[in-house]
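K.L.:
Chains A and B, in that order, give the protein sequences.
The working numbering runs 4 ahead of the 1-based position in the first sequence.
The working numbering runs 318 ahead of the 1-based position in the second sequence.
Just to be clear, a hint being listed does not mean it is correct.
Rough simulated footprint, nothing fancy, chain B against chain A, three-plus residues with beta-carbon under 8 Å [unchecked claim]: (1) 31-42; (2) 47-54; (3) 197-206.
To be clear, the hints were calculated from the coordinates, so they are not data collected in a lab.
Every residue, glycine too, gets a C-beta built ideally from N, C-alpha and C.
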Amino acid sequence: MYLAFFKMKFLTGLQYRAAAAAGMATQFVWGIFGILLYKAFYETNASAFPMDFQALASYIWLQQAFLSLYFVWIFEEDIFQTITSGGVVYELCRPMDLYTMWFSRSVANRVSQAVLRCLPVLLFASILKRPYGIGLPVSIHAAFWFFISFFLALFTVVAFTMLIYISAFYTIQTNGIRTLAGGLVEFLSGATIPLPFLPDGVRTVVELLPLASMQNVPFRVYGGDLSGNEMYAKIALQLFWIIVMVMLGKWLTSRALRRVVVQGG
Amino acid sequence: MRLYWKYFAMHLKSAMQFKASFFMMLVGQFLVSFSVFLGIHFMYLRFPTVKGYSYQDSLLCFAVILLSFSIAEIFVRGFDAFAGMLANGEFDRILVRPRNEILQVLCSKIAFTRIGRVVQAIAMFLYVVATSEISWGVKQILTVIFMVIGGSGLFAAMFILYAALCFFTTESLEFMNIFTDGAREYGKYPIDIYGKKVLWICTFLVPYTLVQYYPFLYLTGRRNEWWLMFLPFLALLFLVPAFAFWKYGVRHFKSTGS
């Protein structure tokens with residue numbers, strides 16, 4: 005079921021190879037600028053740098069490579085449209101749970117876009133001179149946990165976007181909510197600057213939020229910035245937020261659907 | 319021009335029809351660039367200076383770039399969404415009307431929600447004026463105004479170039495974002511912190527340093543040559559090839575047929 009969706013989305017994604025290529029060029033440039041920027045800070049005052057430079061470079065390149073996985077701005081217009089236009093009743097006729105269906109569809113969409121884009125970016129980043137390119141994961145142990153939290157982060161992002169989709173049941177006009185949420189997430193998930201760069205007080209609070217369970221965790225595990233007990237705690241927190249957000253999403257969907265009145269025709 | 323104001327009023331009225339959504343967009347837009355500001359703020363909390371530039375210096379650069387970008391975006395937004403117009407045949411309709419096609423594309427969209435960003439840019443300006451050591455005189459004020467004019471023109475040129483490219487690709491090209499969104503993102507620091515090569519590219523290939531870095535040096539008293547303050551006008555020359563390319567695109571335009 006999930007696989008079928010995945011295949012479908014992947015094939016449509018493949019149709020836009022030129023767009024993907026152009027997108028990759030963008031990602032190279034953004035990555036390079038990001039690295040140059042932090043390099044300037046690093047050269048000015050290396051002792052104030054909260055991360056290993058190599059870990060940071062890996063963080064930036066992973067961020068660029070997997071942009072479409074964790075970028076909260078990517079919403080599926082289809083889903084909003086089915087909700088606002090009332091097409092959602094057709095979806096309800098299908099013998100599947102609405103939430104699960106949309107959830108797997110979003111996951112598939114993100115993964116298919118990322119698969120196309122990540123390899124060239126990662127390849128490019130790996131031939132760059134150390135420490136500006138992407139390093140290998142610091143250990144096999146880190147690689148394993150990176151892998152786990154990588155998917156957990158993806159599920160966190162999707163569970164979060166699901167809440168926004170569902171809000172369309174209640175508000176119809178979602179542009180406002182979307183930009184609001186996007187702006188917040190951008191900063192609180194560590195997309196603007198990696199969370200270790202925040203001052204300690206702010207950081208403790210921010211790291212508990214569900215938004216910090218997104219790219220923040222896997223990318224830092226990869227570079228070895230998160231390890232040991234702190235890492236296990238963060239991954240447990242990821243799990244916790246996924247469960248909370250999925251339950252909330254399901255509850256809100258069923259509540260919204262109970263109010264749906266299907267007009268004839 | 320009268321026609322433009324008419325469109326302007328029309329868009330304003332239609333935006334006001336959905337007040338709640340409009341204001342949420344406004345706040346959202348504000349938050350987006352505010353998160354960039356927070357990024358700068360927290361970076362400077364950790365590092366008091368970077369390559370000799372202070373927090374105020376960065377804010378000044380960011381304010382100029384953000385203000386230019388937002389002004390350009392409010393008015394030239396139609397070009398940004400141009401790929402859609404090509405694809406759905408809207409542009410065919412424009413061509414048959416007896417008016418200048420640039421004017422019509424300009425009028426097709428006016429993005430008032432970007433005012434959220436303008437407000438932020440102005441707030442940052444005020445902060446810089448209040449706290450930095452620049453002694454503000456007529457020359458300094460003029461320099462800032464020139465920077466914003468040059469910057470808006472340059473961003474507008476980028477949007478037009480971006481639209482003109484769509485004539486040949488019909489799809490919008492993501493890599494053009496580097497020159498618009500990218501410049502906005504990374505223009506928040508004086509350009510030379512990215513190194514000599516980037517400085518060179520941003521001077522001779524896409525003239526962002528002419529509106530940001532060089533006049534900025536003059537403004538903060540790092541350099542004293544008076545002609546630096548007029549450099550933004552040189553950047554305006556970039557509009558010429560952008561328009562030429564657009565004209566070239568229009569001449570080669572083939573309808574998508576829908």
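K.L.:
For every hint, state whether the structure bears it out.
P.N.:
A quick look at each hint next to the structure:
{"no.": "1", "hint": "31-42", "verdict": "holds (count 5)"}
{"no.": "2", "hint": "47-54", "verdict": "holds (count 5)"}
{"no.": "3", "hint": "197-206", "verdict": "holds (count 5)"}
Checked against the numbered hints above, the structure breaks none of them.
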